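Those sequence lines, one after another, are chains A and B.
According to our numbering, numbering within the first sequence proceeds without interruption in unit steps and concludes at 361.
According to our numbering, numbering within the second sequence proceeds without interruption in unit steps and concludes at 597.
These aren't lab readings, by the way, just hints derived from the structure by calculation.
Since we're looking at a predicted model, the values are computed, not measured.
Don't take each hint at face value.
With a straight-line cut-off of 27 Å between C-alpha atoms, the simulated DSSO-like cross-links for lysine-lysine are [unchecked claim]:
#  : chain 1 : residue 1 : chain 2 : residue 2
1  : A       : LYS57     : A       : LYS125
2  : A       : LYS54     : B       : LYS395
3  : A       : LYS53     : B       : LYS395
4  : A       : LYS145    : A       : LYS338
5  : A       : LYS223    : A       : LYS171
6  : A       : LYS177    : A       : LYS335
7  : A       : LYS186    : A       : LYS223
8  : A       : LYS57     : B       : LYS395
9  : A       : LYS338    : A       : LYS144
10 : A       : LYS125    : B       : LYS76
11 : A       : LYS220    : A       : LYS186
12 : A       : LYS220    : A       : LYS335
Just so you have them, the derived chain B footprint on chain A, three or more residues with Cβ under 8 Å [to be verified]:
#  : stretch
13 : 65-77
14 : 195-202
Yeah, the Cβ is synthetic: ideal placement off N, Cα and C, and Gly gets one too.
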Amino acid sequence: MRKPIFSRRDVLKASTALAVGAVFAEPVRAAPPPAEAVTPALIDAAKKEAKVVFYTAMDLAFAERLGRSFEAKYPGIAARVERSGAERVFQRLGQEYNSNIHAVDVVNTADQAHVILWKRSGWLAQYLPEEVVKYYDKKYYDPEGFELVTRVLVSPFGINTNMVKMEEAPKSFADLLDPKWSGKMVKAHPAYSGTIMNSTFQVARDLGWGYFEKLAKQKLMQVQSATDTPKKIALGERAIMIDGAGYLVIRLKEEGQPVDVIYPAEGTPVATSPSVVMKAAPNPNAARLFQSWMHSREGQQILIDYARQYSPHAQAVEKPGVRKLSDIKLMKEDPEGVENAAADVKRRYTEIFKV
Amino acid sequence: MTIALPARAERRGFGIDLSKPVLYLFAAILLVLIILPLSWLLIYSFSDAKGAFTLLNFYRLFSESSFFDPLVTTFIIATTSAAICCAVAAPMGWLVARTDLPFGGIVRALVTASFVTPPFLGAIAWELLAAPNSGLLNQIFRTVTGAEQDVHLFNIYSLTGIIFVISCYTFPYVFVLVANSLDRTPGELEDASSILGGGRWYTARRVTIPLVLPALLAGALVAFLQAMTLFGSPAILALPAGFHTMTTKIWSLFQFPPKPELAAAAALPLLILTVILLRAEHMILGRRGYSVVGGKYGAPRLIPLHRWRWPALGLCLMVLTLPVFLPYAALFNAAFSPVATTFLTLHNATLHNVNFVLFELSAASLALKNTVILGTATATIGTIIAVIIAYITARQAVTGWRALGFLATAPIAIPGIVLGVGLFLSYTRPPFVLYGTLWILLIAFVTIALPSAYQQLQAAFRTIHPELEDASRILGATRLRSLWQITAPLLRTGVIATWCFIFVGVMRELSAAIILFTSETKVISVLIYDLNESGDLGAISVIGIGMLFITFAVVIAVNRIPGFGTVRFRT
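For reference, chain A alone in the conformation it holds in the complex (with noise of 0.2 Å):
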């Protein structure tokens, strides 16, 4: 009675429970769900519903596009979008479950440690498109159905050009160490930030700790959010972001910013994105039918050209202007590792950077 707040401690015990009883009820391991087409029976019942509620990390102009699309294809249901930091849309997921509040349909998060959690809670519906088991590759989603990956996000470093030119930058974590760029950084919040919780674990795990050390002595700007440090560097606050959402970097540049950015020699931190939908989704149909819109190739079309981001289905049209994911030296993505890890990411990092 007395933890009423969302632990993941709880989440554990109430797994435990959920899968002790389960061994009655069902399988504990779920059977592969049927892929779905969008019939029309669905887009019946979806717009009965005439609703559909998602969280989520993404970027909130990219976010809105999505949703005021998804409300062009479909006239009659209303997409409303909740954008904060991944790890503040756990945290809201968390209280309010707890709490017996079952208000969002479908969530984005930018970091799979929190699936992880969700699928053991049980609170995730098992649903897979028909598009998505076309032409996704298999590492692209569960096959279960609970979770697909909506988009892959990597975080680079960023620079204002006006601020610092391209050749006198710096191309690799330990070139950000140099006195000469003390005051002249932003740097977003693992407490935060999903993609800066990934990031901040490779980065720890591949450079140490030690490395953060050095860095917090250069006299960091620290905001929250992977969407922001992109802006404060558009906006000439500070000459580089150390990390956040290089697709927000590009597609400012693409509109004219003086921003650039740049991939790190000893690899670009990368997270996967995935979205869920909830088993008490209070718009079931509706839910589902925005899942499979968002990652059909239209929806996942948005995200390559509005958003510039980089997405896992096969037949959408990659747009020049990024570098192939391919091409990107990338740091190792570990699921299992952020989530057993992320307690103490969070408190080695304030106790480093003293917020």
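Once you have looked at the hints, place chain B on chain A.
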């Protein structure tokens, strides 16, 4: 001539069958409002994660620098801001109330404007103005002086920056208390001093200043408490500046993995410090309260400033540039320019942000609706409760009135964010499962609004000497009738001001809402906070300007309700 006397404590004959239920009813309401969340906080602060008794939370609070540093920082911010507020607001209050300063009404209106500006919006506006590299003022500075890229005049991401922004939006509290107190001080007292041979300075020192001292001290205290418990401005500025205040630390303790025990422990020093300060204020002032609106009333004397009139006005307007003109201009600039900190010209003006907010931002309309509903409901309910409790305590109408007064003032000691946590702990479990509804936000907002509403109305009651009611009673009116015909009209200004005060407070409130909202019960302040997280400054500016319009519209509309006469709104 009216002679100011300490307000007499009078026991009135009040029907025992009526007074007891009223007392119990309101005591019960206040107990539920305040004691319930506070008890949960207290229990949590002495518990470990499993719920067993421990003192470890407090040990960590005072031994670990990540907790102790914010405590020190908060103390520095609160003390400095309170001092700045008094130094700026007291002379301004005196100029407006007691001298022939031209356009005093406009100065008051501008102070009102800075009061109704949400501190988080002000902080964002000052980010646009004084961020070291992109800030508009720094850009102008570099252009004018030809300075290098990294040279800046102001850095808002610093301790001084935060103190400055907090002072900008806290000084109205002191101004209003001082100006109102001076407004009410009748000129006869000063005349008496003059007639008896006191010079201008002697009169000021022995009569005017002692009369206004309670208000100034109360103002300093309110400013200190506001600065200490404020979440909005530090939430915007402290993270980029690289430190935490107590409120932002408590908020971070609720991020995953949440540590409510530590947060509760971190809240207790704020609570204890507040209680000590309130006691100290009480001891310094003793029983020095003055009934100055009696049967006979003299208008205050205005001191002629002569050739200093215009320079004095200039000084006031210069001060008000900081919380009002500059930030509003920055918000306007950001709303219509392509990049938030690019100077707006005729060629680059764009409606992109307006379009985005009106036609794309799907959370906006719901947040607006929630905010207006909550603002109206909180203001109405809060004012009713405050009027009744203020009446009971000011006229000492029932035994046990002291406890009521204390309970109504108690929430002032609770930072909004801590109250939010306490309410969350209280109302997510049976019998009151209110989380996820607007009710929990209503309870939070009423609780937060109550202390200042109560104090305002109690002060209003205190200045109305019971002799006026007595006269009515002697002439045969019942208690209710004398309340309705004598006291109510005299209080009208106070009640309307309190209603506005609460409504505006709801628009400004972020700290409790940030804990208690769900996607269905989001309010505008939380929406702006979320937009700030992702750096969408243009959208914030559009919403912020809209928010200010609504606030001003409400303030003006309430002042124009027929029958209320023209009420000068003094927050």
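Verification of the supplied hints:
About 24 Å separates the Cα atoms of A/LYS57 and A/LYS125, which keeps this hinted pair within 27 Å; it holds. Between the alpha carbons of A/LYS54 and B/LYS395 the distance comes to roughly 24 Å, so the proposed pair stays at or under 27 Å and holds. A threshold of 27 Å between alpha carbons decides the hint, and for A/LYS53 with B/LYS395 the separation of about 24 Å falls inside it, so the pair holds. For the suggested pair A/LYS145 and A/LYS338, the alpha carbons sit about 14 Å apart, so the restraint of at most 27 Å is met.
Between A/LYS223 and A/LYS171, the direct Cα distance comes to roughly 23 Å. Compliance with the 27 Å bound is thereby established for this hinted pair. Proximity of A/LYS177 to A/LYS335 is assessed by CA-CA distance (about 13 Å); at most 27 Å being required, the pair is judged to hold. At most 27 Å may separate the alpha-carbon atoms for a hinted pair to count; A/LYS186 and A/LYS223 meet this at roughly 12 Å. Using a Cα cut-off of 27 Å, the hinted pair A/LYS57 and B/LYS395 holds, with the two alpha carbons roughly 18 Å apart.
Our distance criterion of 27 Å between C-alpha atoms is met by A/LYS338 and A/LYS144, whose separation comes to about 18 Å. The suggested pairing of A/LYS125 with B/LYS76 holds, with an alpha-carbon distance near 25 Å, which does not exceed 27 Å. At most 27 Å may separate the alpha-carbon atoms for a hinted pair to count; A/LYS220 and A/LYS186 meet this at roughly 14 Å. Proximity of A/LYS220 to A/LYS335 is assessed by CA-CA distance (about 24 Å); at most 27 Å being required, the pair is judged to hold.
Only residues whose beta carbon comes within less than 8 Å of a beta carbon in chain B count, and the stretch 65-77 of chain A has 7; three or more means the coverage holds. Three residues within the 8 Å Cβ limit are the bar, and the stretch 195-202 of chain A against chain B gives 3, so the coverage statement holds.
In this structure, every one of the numbered hints holds.
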